[in-house]
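Asks: Which chain is which? The protein sequence lines are C and V, in order. Position 72, counted from 1, in the first sequence is what numbering that gives the first Met the number 0 calls 71; the numbers after and before it change by one each time, with no gaps. Position 117, counted from 1, in the second sequence is what numbering that gives the first Met the number 0 calls 116; the numbers after and before it change by one each time, with no gaps.
Hints were generated in silico from the structure; no laboratory data involved. Among the hints, erroneous ones may be present.
No distinction is drawn between identical chains; accordingly, a pair holds when it is met within one copy or between any pair of copies.
[Said to hold, decoys possible] DMTMM-like mimics (lysine to aspartate or glutamate), calculated; alpha carbons at most 25 Å apart, straight line: (1) Lys-422 with Asp-339; (2) Lys-67 with Glu-462; (3) Lys-67 with Glu-208; (4) Lys-444 with Asp-18; (5) Lys-297 with Glu-441.
These are the residues of each chain, in order.
2 protein chains.
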Amino acid sequence: MPSLVQLITVDCPKPSLQDNTGDIDRLKKNVTGKCGGSLVVPYGAMVRVAKSCRQADFAGFAVVNDCKSHFELVDFLATKPAILPAVALDLGTTHLEASLLDLCTGDVVAQATIANGQIEYGTDILSRIHFAATAGGLQILQQAVVAGINTLFQELSQQVGISPADIRALAVSGNTTMVHFLLQADPATLCREPYIPLINSPDICHGAELGLAMHGWAPVWIMPSVGSYLGGDLISGILASGLDERPGTAMLIDVGTNAEVVLGNRDWLMACAGAAGPALEGGIARMGMRAGPGAIDKVRIEPATGRLSYETLGGGRPKGLCGSGIIDLVAGLYLARMIDVRGRLQKRYAGARFIEGPDGPAFLVVPAAEGAHGQPVIFAQVDLDAMMRSKAAMYSILTTLMAQVGLDFKELEQIFVAGSFGKHIDPRQAITLGMLPDLPLEVFKPIGNSSLAGAEMVLRHRELRVRCQALPAKITYLELNVNQEFMIRFSGCRFIPHTDPSLFPSVPVFSE
Amino acid sequence: MPSLVQLITVDCPKPSLQDNTGDIDRLKKNVTGKCGGSLVVPYGAMVRVAKSCRQADFAGFAVVNDCKSHFELVDFLATKPAILPAVALDLGTTHLEASLLDLCTGDVVAQATIANGQIEYGTDILSRIHFAATAGGLQILQQAVVAGINTLFQELSQQVGISPADIRALAVSGNTTMVHFLLQADPATLCREPYIPLINSPDICHGAELGLAMHGWAPVWIMPSVGSYLGGDLISGILASGLDERPGTAMLIDVGTNAEVVLGNRDWLMACAGAAGPALEGGIARMGMRAGPGAIDKVRIEPATGRLSYETLGGGRPKGLCGSGIIDLVAGLYLARMIDVRGRLQKRYAGARFIEGPDGPAFLVVPAAEGAHGQPVIFAQVDLDAMMRSKAAMYSILTTLMAQVGLDFKELEQIFVAGSFGKHIDPRQAITLGMLPDLPLEVFKPIGNSSLAGAEMVLRHRELRVRCQALPAKITYLELNVNQEFMIRFSGCRFIPHTDPSLFPSVPVFSE
Numbered sequence: 000m001p002s003l004v005q006l007i008t009v010d011c012p013k014p015s016l017q018d019n020t021g022d023i024d025r026l027k028k029n030v031t032g033k034c035g036g037s038l039v040v041p042y043g044a045m046v047r048v049a050k051s052c053r054q055a056d057f058a059g060f061a062v063v064n065d066c067k068s069h070f071e072l073v074d075f076l077a078t079k080p081a082i083l084p085a086v087a088l089d090l091g092t093t094h095l096e097a098s099l100l101d102l103c104t105g106d107v108v109a110q111a112t113i114a115n116g117q118i119e120y121g122t123d124i125l126s127r128i129h130f131a132a133t134a135g136g137l138q139i140l141q142q143a144v145v146a147g148i149n150t151l152f153q154e155l156s157q158q159v160g161i162s163p164a165d166i167r168a169l170a171v172s173g174n175t176t177m178v179h180f181l182l183q184a185d186p187a188t189l190c191r192e193p194y195i196p197l198i199n200s201p202d203i204c205h206g207a208e209l210g211l212a213m214h215g216w217a218p219v220w221i222m223p224s225v226g227s228y229l230g231g232d233l234i235s236g237i238l239a240s241g242l243d244e245r246p247g248t249a250m251l252i253d254v255g256t257n258a259e260v261v262l263g264n265r266d267w268l269m270a271c272a273g274a275a276g277p278a279l280e281g282g283i284a285r286m287g288m289r290a291g292p293g294a295i296d297k298v299r300i301e302p303a304t305g306r307l308s309y310e311t312l313g314g315g316r317p318k319g320l321c322g323s324g325i326i327d328l329v330a331g332l333y334l335a336r337m338i339d340v341r342g343r344l345q346k347r348y349a350g351a352r353f354i355e356g357p358d359g360p361a362f363l364v365v366p367a368a369e370g371a372h373g374q375p376v377i378f379a380q381v382d383l384d385a386m387m388r389s390k391a392a393m394y395s396i397l398t399t400l401m402a403q404v405g406l407d408f409k410e411l412e413q414i415f416v417a418g419s420f421g422k423h424i425d426p427r428q429a430i431t432l433g434m435l436p437d438l439p440l441e442v443f444k445p446i447g448n449s450s451l452a453g454a455e456m457v458l459r460h461r462e463l464r465v466r467c468q469a470l471p472a473k474i475t476y477l478e479l480n481v482n483q484e485f486m487i488r489f490s491g492c493r494f495i496p497h498t499d500p501s502l503f504p505s506v507p508v509f510s511e
Numbered sequence: 000m001p002s003l004v005q006l007i008t009v010d011c012p013k014p015s016l017q018d019n020t021g022d023i024d025r026l027k028k029n030v031t032g033k034c035g036g037s038l039v040v041p042y043g044a045m046v047r048v049a050k051s052c053r054q055a056d057f058a059g060f061a062v063v064n065d066c067k068s069h070f071e072l073v074d075f076l077a078t079k080p081a082i083l084p085a086v087a088l089d090l091g092t093t094h095l096e097a098s099l100l101d102l103c104t105g106d107v108v109a110q111a112t113i114a115n116g117q118i119e120y121g122t123d124i125l126s127r128i129h130f131a132a133t134a135g136g137l138q139i140l141q142q143a144v145v146a147g148i149n150t151l152f153q154e155l156s157q158q159v160g161i162s163p164a165d166i167r168a169l170a171v172s173g174n175t176t177m178v179h180f181l182l183q184a185d186p187a188t189l190c191r192e193p194y195i196p197l198i199n200s201p202d203i204c205h206g207a208e209l210g211l212a213m214h215g216w217a218p219v220w221i222m223p224s225v226g227s228y229l230g231g232d233l234i235s236g237i238l239a240s241g242l243d244e245r246p247g248t249a250m251l252i253d254v255g256t257n258a259e260v261v262l263g264n265r266d267w268l269m270a271c272a273g274a275a276g277p278a279l280e281g282g283i284a285r286m287g288m289r290a291g292p293g294a295i296d297k298v299r300i301e302p303a304t305g306r307l308s309y310e311t312l313g314g315g316r317p318k319g320l321c322g323s324g325i326i327d328l329v330a331g332l333y334l335a336r337m338i339d340v341r342g343r344l345q346k347r348y349a350g351a352r353f354i355e356g357p358d359g360p361a362f363l364v365v366p367a368a369e370g371a372h373g374q375p376v377i378f379a380q381v382d383l384d385a386m387m388r389s390k391a392a393m394y395s396i397l398t399t400l401m402a403q404v405g406l407d408f409k410e411l412e413q414i415f416v417a418g419s420f421g422k423h424i425d426p427r428q429a430i431t432l433g434m435l436p437d438l439p440l441e442v443f444k445p446i447g448n449s450s451l452a453g454a455e456m457v458l459r460h461r462e463l464r465v466r467c468q469a470l471p472a473k474i475t476y477l478e479l480n481v482n483q484e485f486m487i488r489f490s491g492c493r494f495i496p497h498t499d500p501s502l503f504p505s506v507p508v509f510s511e
């Protein structure tokens, strides 16, 4: 089960009149049996490899890439390096998150995150796709993301005391559009019916080909996509959750810019995607922000007194609300009757916290005096409306998917919740809002950044790379854009918890 | 049995909401089954291929390279081209000889030859190896040979009305040193004990990587070498003669800069190489020249009268002697007793043709009045001496090889004689000199430029490429440089026909 790049110990018989094999042939002969497949020395690496190998008197360590159909010997080291560095990357629309692994041990030895520099050219995916269509736009977007990755390489390298040029492999997990930007592949057909990517499953390329400041011959593995709306990040989630290997049926929910959901088990997999996420991240909610220092991640409102308490990540003064804070807040507002079943602010319950903000009626979460930099944290009615649409979309997606296969939520063994959404939200509050199904809390299992975890996994093991490659063909994609049933369900979900409260027996219902 | 590059007919199902496979994935799915192996679309070709494929509405012709361990889809054509052009190249020390094939039919459709521009930096291999060791020398030699190949591409393309960029593949057959120069691989270890090449069997590289003015993604196949002194040109010869597939034992003699000889059958192969060639080409003999217009290729001397007649290639005025002319001349001189058994000019028999030339005693082959540009053609004693060494080396090589396996010449079914040596010489005359064994003339079979023929063969058929790659490991190399027996034999061969005339019953022996 070789890693994406391997260090193979070499000890060749020495050249002699009786053994006049060429230097490269000698090296290949020694390494071929050890890497487990057909071995190639690419022309561009050949002369350098031969020289290093001869200088080391034909004993040392070969650096061998796994290129799926064959192996590729790209470097020769006289001495064993302290670590064999490889980077796993979650290529997100808003952030790039990376970890540096030592492939000799498989351990993560450094981590780093950076904002996606493409935001300058469009906050959301669609506006970036439009920007890519302008002259030179695609190239600018590619260079922006490459610059971001190179910065991450620099940071990660500093943490472990290596040079970025020592990084020997990269595994990338991202949505289909982000992968197109990275590959400088035209994304124009991604957002137009019938939504066809230029590429779902790219072959291995090399660091230098993409302009990455790592070893030029480092293989770049890209997690395959299922289609325009189901990206490699979701394949990573399936891999990290093990959904595709379980005998019992389970569900995976990944909320990022889109909500992507997979349902299934080791025999079948069905997936769909929809715009359910933005209200929970930055972008739509004015005070929304990514989970990070100063973000309110927990809110409690005592129904009886209306007293509000909160916690911030890092414990400092509040700057805004992250996804879990928003869900806590809105669930608390509902239980304190400060919003009604339609999500409309109720002045008579909200009292002094009901204010007229710059965008109309709003709820004052944190007064200016308490906020970071003397700024208040407010949550406006328009944010509530967006939140209501998001939660409705989410539950509609889940029910449409379940209905498609004729299963009831009760039949799910587990619901894996990926990303910071899964990490920070309280499923109890999400159930109160009617966003997640009313199931015992132990059914919900947060799995963290599974996009990054999947990228780490494929760096480590060939069988996982093979498994990933086979996954897209196993997944049935349910297209919601043209799904009439979904639209009907969506309307039914625009109440708290639902038009049909019997679906949420654990949630109190108030008469108007 | 695919050719090195194939044109594969593509007709993909059209994209739809029900079939949202990516463009490249769609193409690969359609082509994979047709090429017979694992298929890769290299990153550098991906975007262009996707665009062409979509513009042609997913129907057309894929250009697919055979990279041994996998196939590589590098281009997409909307319409079928008139031909699929590929070039076979005999990469010789003095000349580059090429043919252009249409791989759709396998036919040779154009041919061209050019002098090797490296001659400027050294007439023989050894002086070029020394030049390569000077600053920038190796690069200069690489560029010189690439420039030559590009000129051939230009000529061949003009002959068939295509652009050099349309050439889709190149197969190269040459000696080990020439291949090192082409690959810009340091040849320093080739000529120093224990004579180890940097590479014997290079993997496929691409036209652009070598700076060749052909299609950038054209695969460049290099015929593998056995070692420093047994090059890919010899592997070509084995392939072209079929030596390695015959039940009966046969021999292959290839005389170029070196004499390379292979003995064997389908069960075993033994080879050796030695410096037996130069006297037969340009270089050593002052009036020696390559077989071409103006070269004397046939000489007859009537023993009784001493009357000399000759023929030139092309029928024009004589400029010099090519290899077969030299052998004819020396055999004729011997039979007319104008030289003795040691190859020394005998004034009493040579008469007026015995002259004092600029390099000492010489034989006047053609008087100035008859020669091209009013120049005489003379053959000096020093040329005769070189010729004697060459013929002695040749016969010594052959007998050493035979003795090594305990076989007698009579047991050979066939002796294949490659190159212009085989094409032009009269085996009868070579036997008279004691250069070739005294066997019935039908045993000797000229096979022409088998280096070029081998390159053509591997362009056409995968099984021949596989066979070539396996050949070097099957060949036992007999090193003559350290062979005591060879040196003893060599001394015995420095007579015409031999110290032991009983080995050549068909050759008259004159008493002094």
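Asks: Each of the hints needs a verdict: does it hold here or not?
Replies: Now the hints, each set against the structure:
1. In the homo-oligomer, the alpha carbons of Lys-422 and Asp-339 never lie at most 25 Å apart, since the shortest distance is 28 Å inside one protomer and 100 Å across protomers.
2. In the homo-oligomer, the alpha carbons of Lys-67 and Glu-462 lie at most 25 Å apart both inside one protomer (11 Å) and across protomers (23 Å), since each shortest distance falls under that limit.
3. In this homomeric assembly, Lys-67 and Glu-208 come within 25 Å of each other (Cα to Cα) both inside a single copy, at 18 Å, and across copies, at 23 Å.
4. Taking the shortest alpha-carbon separations for Lys-444 and Asp-18, neither the intra-copy value of 61 Å nor the inter-copy value of 33 Å comes in at or below 25 Å.
5. Proximity of Lys-297 and Glu-441 under a CA criterion of 25 Å is satisfied intra-copy only: 20 Å inside one chain copy versus 98 Å between copies.
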